[in-house]
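All chains should be modelled from the sequences, with the hints used to inform the complete structure.
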Amino acid sequence: KQEVTQIPAALSVPEGENLVLNCSFTDSAIYNLQWFRQDPGKGLTSLLLIQSSQREQTSGRLNASLDKSSGRSTLYIAASQPGDSATYLCAVSLTGNQFYFGTGTSLTVIP
Amino acid sequence: KAGVTQTPRYLIKTRGQQVTLSCSPISGHRSVSWYQQTPGQGLQFLFEYFSETQRNKGNFPGRFSGRQFSNSRSEMNVSTLELGDSALYLCASSQGTGGNTEAFFGQGTRLTVV
Numbered sequence: 001k002q003e004v005t006q007i008p009a010a011l012s013v014p015e016g017e018n019l020v021l022n023c024s025f026t027d028s029a030i031y032n033l034q035w036f037r038q039d040p041g042k043g044l045t046s047l048l049l050i051q052s053s054q055r056e057q058t059s060g061r062l063n064a065s066l067d068k069s070s071g072r073s074t075l076y077i078a079a080s081q082p083g084d085s086a087t088y089l090c091a092v093s094l095t096g097n098q099f100y101f102g103t104g105t106s107l108t109v110i111p
Numbered sequence: 001k002a003g004v005t006q007t008p009r010y011l012i013k014t015r016g017q018q019v020t021l022s023c024s025p026i027s028g029h030r031s032v033s034w035y036q037q038t039p040g041q042g043l044q045f046l047f048e049y050f051s052e053t054q055r056n057k058g059n060f061p062g063r064f065s066g067r068q069f070s071n072s073r074s075e076m077n078v079s080t081l082e083l084g085d086s087a088l089y090l091c092a093s094s095q096g097t098g099g100n101t102e103a104f105f106g107q108g109t110r111l112t113v114v
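Protein chains in written order, with this note's numbering: chain P, 1 to 111; chain D, 1 to 114.
Because the hints were derived from the structure by calculation, they are not lab data.
Nothing here was measured: the structure is a model prediction, and the numbers come from that model.
Beta carbons are placed, not taken as given, at the ideal position from N, Cα and C, and that holds for glycine.
Keep in mind that a hint or two might mislead.
Pairs of lysine-lysine, PhoX-like flavour, derived with a Cα cap of 25 Å [to be verified]:
1) D:Lys-57 to P:Lys-1
2) P:Lys-68 to P:Lys-1
3) D:Lys-13 to P:Lys-42
Away from chain P, derived, C-beta distances all over 12 Å, residues of chain D [unchecked claim]:
4) Lys-13
5) Thr-14
6) Gly-16
7) Ser-22
8) Gly-28
9) Gln-37
10) Gly-42
11) Pro-61
12) Phe-64
13) Thr-80
As structure tokens, this is what we get:
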């Protein structure tokens, strides 16, 4: 069974700092990996999708990398802003659209 | 382009009742999957439908069921509700089932069982 772990569970940083969120998974036979953000009481917003054949994806201040062989992904957020405060979730798909989610990293960016 | 729409947004039900939740995927998307989110267990996969067929099912009791219609809209049903079924239920839609398809989530239905 796929196990997904996210470290750290919570992170508090001052505005403007660069930060890295970590995700690890146990089964490397993944279809893809997606990073999402979730605001309190809301649904999930897709941030980046990395296909299994890709090494990284970038969108604006976000960069996600994937190392399938070691079962790791990182989400890099540059120049953090208070609006980035949310829970960040990593999800891996082994087949179709059946995702296994990590427990998330709760990020607080302090103005 | 409209996003994934889930209705209703909030529900309060009594133990033993049944409930039906609805999910309308993004136009053109044929795959819908459902997830349960609780503080203790996080996000857990319930089931996935593609072109009206259930492709995968998570480890939930038979009280949880779903279906998908020809227009790709999906419903999930929970019978004989238990207090532990209180959760945020999320559905996700995607165009297909390949590794290059991005999943988009709705805002969820918050179910409270009393």
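Hint by hint, here is what the structure shows:
no., hint, result
1, D:Lys-57 to P:Lys-1, "holds, 14 Å"
2, P:Lys-68 to P:Lys-1, "holds, 16 Å"
3, D:Lys-13 to P:Lys-42, "holds, 21 Å"
4, Lys-13, "holds, 19 Å"
5, Thr-14, "holds, 23 Å"
6, Gly-16, "holds, 27 Å"
7, Ser-22, "holds, 15 Å"
8, Gly-28, "holds, 15 Å"
9, Gln-37, "violated, 9 Å"
10, Gly-42, "violated, 5 Å"
11, Pro-61, "holds, 18 Å"
12, Phe-64, "holds, 15 Å"
13, Thr-80, "holds, 25 Å"
Checked against the numbered hints given earlier, the structure breaks hints 9 and 10 and satisfies all the rest.
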